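Novice: Sequence:
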Amino acid sequence: MKPSRRRVIINTDAKNEADDQFAIVHGLLSPTFDVRGLIPAHFGTHRSDRSMEESREEIDLLLDLLDLTGKVTVANGAPTGIPDEQTPNDSDGARLIIEESKLAGENDPLFVSFLGPLTDMASAILLDPEIVHRNVIVIWIGGRGYNGYAADHRMEFNLSNDVHAANVVFGSGITVWQVPSDVYTKVSVSYAELEEKIGDAGPLGKYLIEQLIEWNAKYHGEPIESRSLGDSPAISLMLYPHSGNFRTRPAPRFGVDGWYLPGTDNPIQVCEQVDVRFLLEDMFAKIRRFARQRSTQ
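Under the working numbering, think of the first position of the sequence shown as 46, with each following residue one higher.
Don't read these hints as lab results, they were simulated from the structure.
Fair warning: there could be bad hints in the mix.
[Claimed, not checked] Computed list of lysine-lysine pairs in DSS-like fashion (alpha-carbon distance at most 25 Å, straight line):
#1 Lys231 to Lys147
#2 Lys242 to Lys231
#3 Lys251 to Lys231
#4 Lys116 to Lys147
#5 Lys116 to Lys251
#6 Lys242 to Lys331
#7 Lys263 to Lys116
In this text, all values refer to a predicted model and were calculated from it rather than measured experimentally.
Could you put together the complete structure from these sequences and hints?
Specialist: Quick look at the structure:
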């Protein structure tokens, strides 16, 4: 029988920037998602020595704003990256992925989306190598573009926080949908657009806008009145996979500088374009709908 809902896990470095929050909310407000868990992820040590814990606190705050406290499984991920390609960093999050993968069926895949580093997926593979033979689809927001563009001189951030993990996952043969930086950076929203779309959407809309503007004010070095919601393609691709254009590529390895190296012949799917209109309008509509429903309770 065809499943009526997609089984989904969202792994998120939620307090790293200001875009994870939109992706988490979008996922939790989507009725065709059976969210099997949220996994707070680390985001390195460049700003905090307790980044995973900060991600957990942000998830808990969002669940409170959504009236979902205690109703969604939250399993903490690893506090740091894996030390090498042979050693897992065991965590409740990795164990959740393993257990949920065992429930995947031929026509009922488990989607595991990663909005930060791939630490917990790599650990799950190293703890239970059989997971690569189950119907698991890994969606990763990470890695630089394959064709090169102006910003490519820096290592892509999500990759930089655990290169070892990316090499484990890409080399494992598990199904991977990659959304590289030249795609995810193109999901920009302006302050004016946010205010017009969700400015009156209650405490949730207010928080989403304010935390984005505050993040830019604190960390962005140039005048700006927009931000890319770069993590959100992971949600729209789970909602409707055909909203992305994919190219099949052989899985690469990642060098210490983040550049692509020859890897395996394992095929991966690289997203080269997403339907930004569908993504943003669906998210805005669901946030507004939630605010209307809450106001009548």
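Novice: Of the hints stated earlier, which fail here?
Specialist: 1 and 7
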